[in-house]
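Asker: Residue strings, one per chain:
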Amino acid sequence: MASELKANKVHEPLFHLAKRDNMPRHKALLIRIASIAVGFVFICVFAFLIVGWNPADILSTMLDGSFGTPNRRWDLFEKTAILLCISVAVTPAFRMRFWNIGAEGQTLISCLAAASCMKLIGTRVPNPLLLLIMLGAAVLAGAIWAVIPAIFKAFWNTNETLFTLMMNYVATQVTSYFVYIWSVPRGSGHVGVINSDSRAGWIVSGQYPYLLNILIVIVMTITTYIYLNYCKQGYEISVVGESENTARYIGINVKIVIIRTMLISGALCGLAGFLIVAGADHTIIANSVGGQGFTAIMVSWLGKFNPLIMSFFAFLLSFLGKGAKEITTLTGLDSAFADIITGFVIFCIIGCEFFIHYSIRFRRKEDKA
Amino acid sequence: MIIFAFIRRACMQGVPLLYGSTGEIITEKSGHLNLGIPGIMYMGAIGGIIGGFFFEQTGADFSLWYIKLLAVLIALTTSLLFSCLMGLIYCFLTVTLRANQNVTGLALTTFGVGVGNFFGGSLIKISKADVPTVTLTKTSSCFATHLPFVDKVSQLAEEGRCPMVVSEICSTLFSYSFLAYLSIIIALIASHILMKTRVGLTLRAVGENPATADAAGINVNRYKYISTCIGSMIAGLGGLYYIMDYATGVWSNNGFGDRGWLSVALVIFSLWNPSLAIIGSFLFGGLYIVHNYIPNLTMQAQELFKMSPYIMTLLVLIFVSIKQKKEALPPAHLGQNYFREER
Amino acid sequence: MSEPTAASVSETQASVTDNTPVIPAIELRNITKTFGDVVANSGINLSVYRGEILSILGENGSGKTTLMNMISGIYYPDNGHILINGEEVMIRSPKDAFRYRIGMIHQHFKLIDVFTATENIVLGLNDGKYDLDAYEKRVREICDRYGFLLDPRKKIYDMSVSEKQTVEIIKVLFRGADILILDEPTAVLTPQETTRLFDVLRNMKKDGKSIIIITHKLHEVLSLSDRVSVLCKGRYIGTVKTAETNESQLTEMMVGEKVDLNIHRSEPVNTEVRLKVEGLNCKNPDGIPVLKDVSFEAKCGEILGIAGIAGSGQRELLEAIAGLQKLDSGAITYIHPDDGGTEDLRNKSPKQIRELGVRLSFVPEDRLGMGLVGNMGIIDNMMLRSYRKGHGLFLNRSTPSSLAEQIISELQVVTPNAKTPVRRLSGGNVQKVLVGREIAAAPTVLMAAYPVRGLDINSSYLIYNLLNEQKEKGVSVIFVGEDLDVLIELCDRIMVLSSGQVSGIVDPKATPTRANTMKEEIGLLMTSKVANPSENHKEEQHG
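Residue numbers (the numbering used here), protein chains in the order written: chain C, 1 to 369; chain H, 1 to 343; chain B, 1 to 543.
Calculated directly from the structure, the hints in this document are not laboratory data.
C-beta atoms are modelled at their ideal positions from N, C-alpha and C, and glycine is treated no differently.
A couple of the hints might just be wrong.
[Said to hold, decoys possible] Below, a list of computed lysine-lysine pairs in the PhoX-like style, where the Cα atoms sit at most 25 Å apart: (1) C:LYS325 with H:LYS125; (2) H:LYS325 with B:LYS164; (3) C:LYS27 with B:LYS164; (4) C:LYS232 with B:LYS348.
[Said to hold, decoys possible] For the chain H half of the interface with chain C, some residues (derived, Cβ under 10 Å), not all of them: (5) THR96; (6) VAL113; (7) PHE119; (8) GLY120; (9) VAL264; (10) ASN296; (11) MET299; (12) PRO330; (13) LEU334.
Only chain C is shown next, with the shape it has when bound in the complex:
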């Protein structure tokens, strides 16, 4: 009778999806590597269609654009460092499942804070002190920008994604406002290089242009990694993120953890803003962060909220950017080429997670079993 009943099952779908979480690490890694490879296949096909180059030429041009000269290498590492810095900064909040997509604004407002110290204090204090003041101002600005949505989330459960998104544009306009005030010549909308003669408020790394920036980011990444994985507060963040019920059960005050974590997240964005202004740009424009706040969210997610894995993805995306730039320079195409190929790779990596977390079971097999 049982078999007769089963034979009559019709409307069943051909396959069904089941969650799985037991895929061996090496297999998962293999899938991820394969997905990046598929992304590169997309890049090659696209580039072939547009410029008619073969894949070998495309890849070698990209490698040359990233590593060809010492300057290119420094530039690549500097870009990686800034992107990594912002990515690490958003991570504590993400571990708490607080979807902060306001890193762009938090970083920009810190850029503004740092630049304003540079502009207004200038040579009146010794350079190391000025740098410290700039750092302090940037960190404070980032933290304030981040804690506002956190307070509303903690007390009124205001949607943090939408809130932080809006804060980005408030930051952009505030920055634009000051850019116009400080613009040289007046009304031009360009601040120009600040303190280009005195170099007050510049991080100077001697003969290696960005060495200090990179070192600071390395230290910050490792510190955050340790904070998240080996500190009591980092542990509390994980518990709140996993289950608010468990957090209550062991007596964690969830509201305080949300606010504290966003303060830290914003402060780290502040550090990134400081590095952008003092360590690289020495100026401020409304586009100082250049969308890296958004890219960083993707990096953090791709890196599974682990600062060490993130450094790989920050590097990969910076490499794609530099490599694409080289292709477009040589062919005279638009530099937005970089965004397209970045998109290809990210789509592939995002999509591949599905095959790691779900298994597709075909009905027929099950019936036989």
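Using the hints, position chains H and B against chain C.
Answerer: For chains H and B alone, coordinates are given in the frame of chain C:
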């Protein structure tokens, strides 16, 4: 009379926002926060540009009425195709593969803006066309065609045969292109469908509680796909309107600016109601350009004025969450993917 | 076998009305369902006629809900036949069930908060024009016909639990259901609301509907139903006519034979009061009282059992003691073992309680949602209790790590290693980790809610032994259980909760006073209505 000029400019600014937010509302009602809207609007714009560009390159005679119609249809079709493709990518990743919506959306924006700027900047080079810039004046003029009697009335007014106010009112109401009126019609239809039809009820149920909808025998994924793709296509029209009408067919990189994010803001501001978005879009459009109409305003103060739409949106968001008025809150499952076996 | 269309269904019904009483509206023959190794239902036979109310009675885990889920198309039976109006049918999905005019009202409502009652009722329907006014009219008609009190335009979020339940019932009637299944409908209702629901159900019965009601409240069974079918541990015990039975017969059928489990129980020594609970009252988020005037004492060196049907306030009671539940009134006093000093634990957070030096351990019912973090390994889960120890900023993982290893080896936890996320472990191993951690905190009071639920025999005995060990060490153990055999053999005293009230405290070692066995006596206490003057008064007013 400057007030009429201001209203006209505000409305023209508002149209892309209205398209963007109507599209995003339809998508969000299915429970998917599509942060790819800015990218999709770029795609809609470049889609229209590419279609129109190649059509103009054929050297068709634009004095013929059916060629004009064809030009509009081709640009419209390519634009819709491009934005629909973006919607499909988003759906495939978030609905079928259940990827994180925020990350997918942001990647989609990077990609869409990239595609827009890349083809906008390199179209001539790629197609080896013999023109200096991507300027679709002819196609644009087809899109920008407005009702003929408006010109007649203003002519009459200039000749003193009818009061100036009548002419101004007439042109404030009727001087826009068909895409502008279409945006309002689409928003009204969307509003009607969402609130007054079975399809709307079902769609809202999917966004509020997919498990309940599933239990009621609704194909949740199909609704998510269809609403996201239709939403994307509507948003793409916003890009098309901007480039063909507002920007008179001239592509400039990043010219579209942050209007995509402004559309997302408008969704919150209008409390997920497309009819309110009509009013909101013209309000936002007005706020976006009001600085041009205030005498003696410094450049820096103009920037502060541009901030006002976002501030207003934030205030609405805060107010609504404190009030906890359920109808005004985002769809309950916004941003969460649905997997039946995960309870 | 052909699938009857709607027309043929009504035809068959017509013939049934003509020749009553012959063919049951729905009949189950020899239904069996297994999940893996667990037999949820074996050889169940049931039948319900038109215009009849059938109660299905059974303790938690007796397979009632599984059985009903098979009728409503959520599960598919492994074996057996389902007959509707005498014709064999196959119900593969809820849609099929609708087609056979079967409607189920689940315990957990599936409603959309921001929709009105009517919108929820018509959701997913596809019957021509979408006209809310017309729908509303039809909803009103149904309300009038059966005596529901419902405003069709009211939003769900403004509704009380009983109104939500009304919406669910009307949803089913709106789709033309003739067979209604209600899964423990009174669990969430006040006595007045229950009375009203029963009136409505009687009206439906008069209208010719067949109603199946799942419950474990005896007085409801007796007052409402025509016949009662009893399940026990997945088996079908029998069906009796309500008019020909009484509470004690039903209890006997429901609890089954006494099973000897041979759980070791030592005599309590040096008992003294460790925890004193007086007059606890609290409400759930819907504002319904879940604990009513609960008072008891827990002594060291004994296991206090708490018996009761699910949802009688067990969870709230333990959470109140653990500092997770806000109280309306009452006192919780802890008496220190060393000096006899007292601490008031009322409305203190778990952290504050620990800072008072009260060593209170709690094994919650929701193991992976509250007691443990599923995505963390055993070591990190060990830290949940102890991570705050020490002054530094850093976590001390070495102590939890050795504790994890100790628990893994002593309790024989099967796991690849101590870092494997606990969500991947089997239920028994998860529980070993949780209980192991709570015991390792050297508690003076140990509370465990359903600690053996879903565990195999060996793991269950291991947990019993652990609890006994704690008791012998002088810990005051509070054990919330559902299996009466276990409670009787393990505990030194058993407090019975019924609808949030203490209906009695029995000594399982004593010979029962009445003719009933101990098991029946507890069973009766579990389902009895505790006299409560204020409520009786209200009911009188209502009636």
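Asker: Quick check on the hint: MET299 (chain H) CB to chain C CB, less than 10 Å?
Answerer: holds (4 Å)
Asker: Hint validation: GLY120 (chain H) versus chain C, beta carbon distance must be below 10 Å. Holds or violated?
Answerer: Where the cut-off is 10 Å and the nearest Cβ of chain C is about 7 Å from GLY120 (chain H), the hint holds.
Asker: With chain C as the partner, please determine if ASN296 (chain H) meets the hint condition of a C-beta pair closer than 10 Å.
Answerer: Not OK, violated: ASN296 (chain H) not within 10 Å of chain C, min 13 Å.
Asker: Given the hinted pair LYS325 (chain H) and LYS164 (chain B), is their Cα-Cα distance within 25 Å?
Answerer: holds (19 Å)
Asker: Hey, does the PHE119 (chain H) contact hint survive, CB to chain C under 10 Å?
Answerer: holds (8 Å)
Asker: Under the criterion that the straight-line Cα-Cα distance not exceed 25 Å, is the pair LYS232 (chain C), LYS348 (chain B) satisfied?
Answerer: holds (23 Å)
Asker: Does LEU334 (chain H) hold up as a contact with chain C if the rule is Cβ-Cβ below 10 Å?
Answerer: It holds, given that the least Cβ distance between LEU334 (chain H) and chain C is near 8 Å, below 10 Å.
Asker: Please verify that hint: PRO330 (chain H), Cβ, nearest Cβ of chain C, below 10 Å or not.
Answerer: holds (6 Å)
Asker: Does the nearest C-beta of chain C fall within a distance shorter than 10 Å of the C-beta of VAL264 (chain H)?
Answerer: Because about 7 Å separates VAL264 (chain H) from the closest Cβ in chain C, which is inside the 10 Å limit, the hint holds.
Asker: LYS325 (chain C) and LYS125 (chain H): Cα distance at most 25 Å?
Answerer: holds (17 Å)
Asker: Hint check: is the beta carbon of VAL113 (chain H) less than 10 Å from a beta carbon of chain C?
Answerer: holds (6 Å)
Asker: Please verify whether LYS27 (chain C) and LYS164 (chain B) have alpha carbons no more than 25 Å apart.
Answerer: violated (48 Å)
Consistency with the previously given hints fails for numbers 3 and 10, ordered from lowest to highest.
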